[in-house]
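Keeping their order, the protein sequence lines are chains A and B. Anchor point for the first sequence: position 73 equals 73 in this note's numbering, and the numbering is continuous, going up by one each time. Anchor point for the second sequence: position 331 equals 1331 in this note's numbering, and the numbering is continuous, going up by one each time.
Honestly, the hints are just simulated from the structure, not real lab data. A hint or two may mislead.
[As the list claims (entries may be wrong)] Only pairs whose alpha carbons sit at most 20 Å apart, straight line, appear in this in silico EDC-like list of lysine to aspartate or glutamate: (1) B:LYS1219 <-> B:GLU1119; (2) A:LYS206 <-> B:ASP1139; (3) B:LYS1188 <-> B:ASP1220; (4) B:LYS1289 <-> B:GLU1278; (5) B:LYS1130 <-> B:GLU1119; (6) B:LYS1114 <-> B:GLU1071; (7) B:LYS1261 <-> B:ASP1231; (8) A:LYS206 <-> B:ASP1254; (9) A:LYS118 <-> B:GLU1186; (10) B:LYS1356 <-> B:ASP1204; (11) A:LYS118 <-> B:GLU1032; (12) A:LYS122 <-> B:GLU1056; (13) A:LYS120 <-> B:ASP1361; (14) B:LYS1130 <-> B:ASP1213; (15) A:LYS206 <-> B:GLU1281; (16) B:LYS1178 <-> B:ASP1139.
[Said to hold, decoys possible] Over the 12 Å line for every Cβ pair with chain B, so calculated as not near, a few chain A residues: (17) TYR34; (18) PHE41; (19) LEU143; (20) ALA193; (21) MET194.
Owing to the predicted nature of the structure, the values given are computational and were not obtained by experimental measurement. Idealized CB from N, CA, C, for every residue including glycine.
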Amino acid sequence: MQENLSIERSKEGQAAQTVRIKPKWHMVALHIVYYLIMVAFILFYMLPFWGAVMTSFKTNDSVMSTTPVTPPTEWTLDGYAKALDELGVPLLNSLAVTLFGAAGSVFLGSICAYALSKWKFKLNNVFFIALVAATYLPFQAILIPLLRTIKDLDLYDNIWGLVLVHSVFGMPMCTTMMRGYYADVPDALIRQAMVDGNGMWQIYRKIVLPNTKIATITVFVFQCTSIWNEMLFALVLGGFDSKPATIALNELAGTMAAEFNVQMAGSLILALPMLIIYIFMGKYLISGQMSGAVTAS
Amino acid sequence: MASITIKDMSVSYNKGKSYVLDKLNLEIKDGEFCVFLGPSGCGKSTAMHCIAGLLEPIDGQIHFGEDMMTEIVNGKKKTFVPPQERNIAMVFQEYALYPNMTVRKNMSFALETKKAPKEEIAKRVDYMAKMLSIDHLLDRRPAELSGGQRQRVALGRALVRDPQVFLLDEPLGNLDAKLRDQVRYELKKIQTQLGITTIYVTHDQTEAMTMADHIVLLKDGHIMQQGTPNDLYDHPSNEFVAGFLGTPQINMFDCQVVEEKGGLMLDAGSFCLPAPAELVECLRPYVGKNVHLGIRPSDMEMRPDGAIKAHVDSIEPLGDAYLIYVRIGEKVVVFKYAGETAPEETELCLAPNVSKLHLFDPATEERINA
């Protein structure tokens, strides 16, 4: 009797496991529409990229005789070789300006954000509002005085001039972003660190920074992207010897109008570092966006 | 180790429109275990933060022994030693463990900041971890600990140091009842051993009564009474203190003082008690007027000749005693009965312990009897 019972139960259990709710037809239709829209968007966004990749591997003759999206009949790396030849030094300039500029702006922004979010002083909010206002400042409006200042500092046509400008102009945005992250570090931690004998700077170094690593990485990557792709300061302050890759790429288009394969190869080379950063840092960026939702304790 | 003196300390968050602490004066002796007790919002944590230097009062002075820590006159800062230079150890209610550090690192952090020798740090951390039963957790991070374990780490972190003053802000608030009793006992033992002046903030009167050498009971930024636990329990200086200390709460009756046959009687309407001889003098000015009579639940007993007739409402067994809720007239009061079995009768006669009556002026709520 007991065996019978257990068999019946197990049958019921199996039945329960295999029961699936049949989706209604209009839900299925809705899902099909969703997927179609998504595929259309993917095609829309990927088509230019596809065209660029295909063109970059073509010979110059093949570029003229085929559409951009057609795969090359004869694959070649000539375009990349030529582009690298033209972009080599500017790419190194871009790399230096981006790394030092992003590091500078994140460092300055981080200190400002720490002071504004964790220390109460007179006009605290006024400083913050001034910083936020600075992020909306149109760069074109200050370009001429900026150029004169950089020339006076003897930093024109010098990558350190660009590093300085990016560090300073990136700082308000970094401050705004990091202030939000630092506000989530519990005040009790700061108070505890004070009681443990630490001053303002030690607390920043030993408590705040280590507990907001993801926020720092997020803001650093954000700054890297904007500095890497930046053109206006590069064009006005970069000069000839320290011109970054964005300017060199533009010149590539201007001087070799017909060589689309070289231009596309150059564009892809320029896009590659940021693409790699986003692929490898993607998980940090997502958790960085989420880190404001929970406390550090 | 140091005594703490607070003189005329006032704290306001809105530039003097209202006060969180109003002219607080306090003397805590060297090595004393002082408990700041009071309901939420009474200013006890604020007072502690001022002592720690985490908050600036708008007026007043704080001394550690002979050393002036804070001196503010009419909002102007004359002396203010920052918290990191006060040599204090503090435990916050919200643990405040550094999430990026292991338990060992959390406990040694303050000593490392002070540049203590490494062997000394390791020795102290190991000793304290063993004492608080967290020695198996030393390599974990705070996120991997339970609430109780975090609390013990926070306590351990304060105890490994050798500060002038311990400041503990509701440190047992998040522990379960069993662990709380255990840590309470350990904490008191360690404090007695080390002899470090300790200030402990709590709203739990049991913690205050069991641990304190000196209780400071606060309400709305004012000290209602301070003294030893027994002082406050046996001689509450006002109705608030009488009501705040003691579980269950003291029973209060509104009584009229009447003169009968040369003696004085306390007439509560539903019962009438002859005023004990030692209270006659202080009750004399109240003849014909009302007073509030307080009787603690443990100071009433069942007696056949008891003057108070009561009807049993409900009985709560405590294991070693019973709490009996009775109705006296319209009023429900409670008394503690230490018998082995609960009384079966529904109508009882109760007699208060006349040497433990508490009388208060209804207008001022201040104590009348000595």
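Hint by hint, here is what the structure shows:
no. : hint                    : result
1   : B:LYS1219 <-> B:GLU1119 : violated, 46 Å
2   : A:LYS206 <-> B:ASP1139  : holds, 19 Å
3   : B:LYS1188 <-> B:ASP1220 : violated, 28 Å
4   : B:LYS1289 <-> B:GLU1278 : holds, 19 Å
5   : B:LYS1130 <-> B:GLU1119 : holds, 17 Å
6   : B:LYS1114 <-> B:GLU1071 : violated, 26 Å
7   : B:LYS1261 <-> B:ASP1231 : violated, 35 Å
8   : A:LYS206 <-> B:ASP1254  : violated, 61 Å
9   : A:LYS118 <-> B:GLU1186  : violated, 35 Å
10  : B:LYS1356 <-> B:ASP1204 : violated, 24 Å
11  : A:LYS118 <-> B:GLU1032  : violated, 34 Å
12  : A:LYS122 <-> B:GLU1056  : holds, 15 Å
13  : A:LYS120 <-> B:ASP1361  : violated, 46 Å
14  : B:LYS1130 <-> B:ASP1213 : violated, 27 Å
15  : A:LYS206 <-> B:GLU1281  : violated, 67 Å
16  : B:LYS1178 <-> B:ASP1139 : violated, 26 Å
17  : TYR34                   : holds, 38 Å
18  : PHE41                   : holds, 39 Å
19  : LEU143                  : holds, 42 Å
20  : ALA193                  : violated, 8 Å
21  : MET194                  : violated, 4 Å
When held up to the earlier numbered hints, the structure conflicts with 1, 3, 6, 7, 8, 9, 10, 11, 13, 14, 15, 16, 20, 21 and fits the remainder.
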